[in-house]
Amino acid sequence: MSDLSDLSDLNDLSDLNDASGPSSTGSTNETRRLIVLDMAGTTVADGGLVERAFERAAERLGVEPGSADHAAKLQYVRDTMGESKISVFRHLFGTEELAQRANSAFEQAYGELVDGGLIAPIPGAREAIEKLRADGHTVALTTGFARVTQDAILDALGWQGLADLTLCPADAGGRGRRYPDMVLAAFLRTGAATDVRETVVAGDTAYDMLSGRRAGAGIVAGVLTGAHDRATLDEHGATHVLASIADLPALLARESGA
23 MSDLSDLSDL
33 NDLSDLNDAS
43 GPSSTGSTNE
53 TRRLIVLDMA
63 GTTVADGGLV
73 ERAFERAAER
83 LGVEPGSADH
93 AAKLQYVRDT
103 MGESKISVFR
113 HLFGTEELAQ
123 RANSAFEQAY
133 GELVDGGLIA
143 PIPGAREAIE
153 KLRADGHTVA
163 LTTGFARVTQ
173 DAILDALGWQ
183 GLADLTLCPA
193 DAGGRGRRYP
203 DMVLAAFLRT
213 GAATDVRETV
223 VAGDTAYDML
233 SGRRAGAGIV
243 AGVLTGAHDR
253 ATLDEHGATH
263 VLASIADLPA
273 LLARESGA
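Under this note's numbering, the first residue of the sequence shown is numbered 23, with each subsequent residue one higher.
Some hints here could point you the wrong way.
Dumping the calculated SDA-like pairs for lysine to any residue here, alpha-carbon to alpha-carbon at most 25 Å [what the hints assert, rightly or not]:
hint, residue 1, residue 2
1, K153, E220
2, K153, G84
3, K153, V85
4, K153, A127
5, K153, A265
Simulated restraints, written as ranges between beta carbons of each label pair [stated by the list, open to error]:
hint, residue 1, residue 2, range
6, E134, D256, 33 to 39 Å
7, G139, H92, 24 to 30 Å
8, E73, V263, 20 to 26 Å
9, R252, G69, 18 to 24 Å
10, L140, R82, 16 to 22 Å
11, T117, E277, 29 to 35 Å
12, L246, G88, 28 to 34 Å
13, G138, V263, 42 to 48 Å
14, G138, G195, 18 to 24 Å
15, G238, S278, 16 to 22 Å
16, T53, P87, 47 to 53 Å
17, E73, L273, 29 to 35 Å
No lab work stands behind these hints, which were simulated from the structure alone.
Quantities reported herein were computed from a predicted structural model and do not represent experimental measurements.
Quick reminder that beta carbons are idealized off the backbone N, C-alpha and C, glycines included.
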């Protein structure tokens, strides 16, 4: 894996949804927190669609499948899972014009794959989000994808309104993970916590861990349902490592002494 600390990245941020999901007025005595959750690999299983969409996009830009260039670019995509996709393409293709073309091709390819029914919730993810909100927590879903791709995923899963807020890098001023911007944007937009240490960040990649720690979140939980393993998550700042996002409500209950 390449040295993640040497990689650069851009971010985005987004609007509050008209949340029609579970009530945020819970009845437990737990500390009410802001919960910032990653999507692909954390709450959403996409079965490797990022790689498949990248391969389609790269071919449209003239990268020959099976070539050394293709293999190197694909490995970089794997190493930077969780990072803002436009940032990845800027690194891979060198110029803004090519990066934008690659990003548009990626979004189109990923959308086609999503429309084909090739994504699903991580088992227990929806129930975990509903439980968190019922307990009085505020939940934000974040992604390194562009807004159009994020909305396609939410629509395919029937998740519009499931969370209190959804954010993509553009919504947070253009910088995505590894930067803390989306976490801090959620903190400022929701007003759900009085201290950043009352924020919980959960994700499946090193970039999720880095963004959470840099934002000052009190809990930065890695999950083992996505791109990176326990050692990588620990190395990049995880305070806890969970088998699945389904375990997060129980973790918060234990942390609060409930």
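Handout entry: Consistency of beta-carbon spacing, G69 to R252, with hint 18 to 24 Å
Key = holds, 22 Å
Handout entry: Supplied distance hint 24 to 30 Å, evaluated on CB atoms of G139 and H92
Key = Holds, since G139 and H92 (Cβ atoms, about 27 Å apart) stay within the stated range.
Handout entry: Verdict for G138, V263 (Cβ pair) under range 42 to 48 Å
Key = violated, 32 Å
Exercise for the section: Sort out whether V85 lies within 25 Å of K153, counting only the CA atoms. Expected result: This hinted pair is violated, its Cα atoms lying about 45 Å apart.
Handout entry: Assessment of proposed distance window 33 to 39 Å (beta carbons of E134, D256)
Key = holds, 36 Å
Practice task
Could you grab the alpha-carbon distance between K153 and A127 and see if it respects the 25 Å cut-off?
Solution key: violated, 37 Å
Exercise for the section: With 29 to 35 Å as the target window, see if T117 and E277 comply at their CB atoms. Expected result: violated, 47 Å
Practice task
Quickly compare the C-alpha distance for K153 and A265 to 25 Å and report which way the hint goes.
Solution key: holds, 18 Å
Practice task
Check the following: the C-beta atoms of G238 and S278 are separated by a distance inside 16 to 22 Å.
Solution key: holds, 19 Å
Problem - Verdict for E73, L273 (Cβ pair) under range 29 to 35 Å - result: At roughly 30 Å between Cβ atoms, L273 and E73 fall inside 29 to 35 Å, so the hint holds.
Practice task
Return holds or violated for the Cβ distance of T53 and P87 against the range 47 to 53 Å.
Solution key: holds, 51 Å
Exercise for the section: Can you let me know if the beta-carbon spacing of E73 and V263 is within 20 to 26 Å? Expected result: The hinted range 20 to 26 Å holds for E73 and V263, with Cβ atoms some 24 Å apart.
Hint compliance for this structure: hints 2, 3, 4, 11, 13 and 14 are broken, all remaining hints hold.
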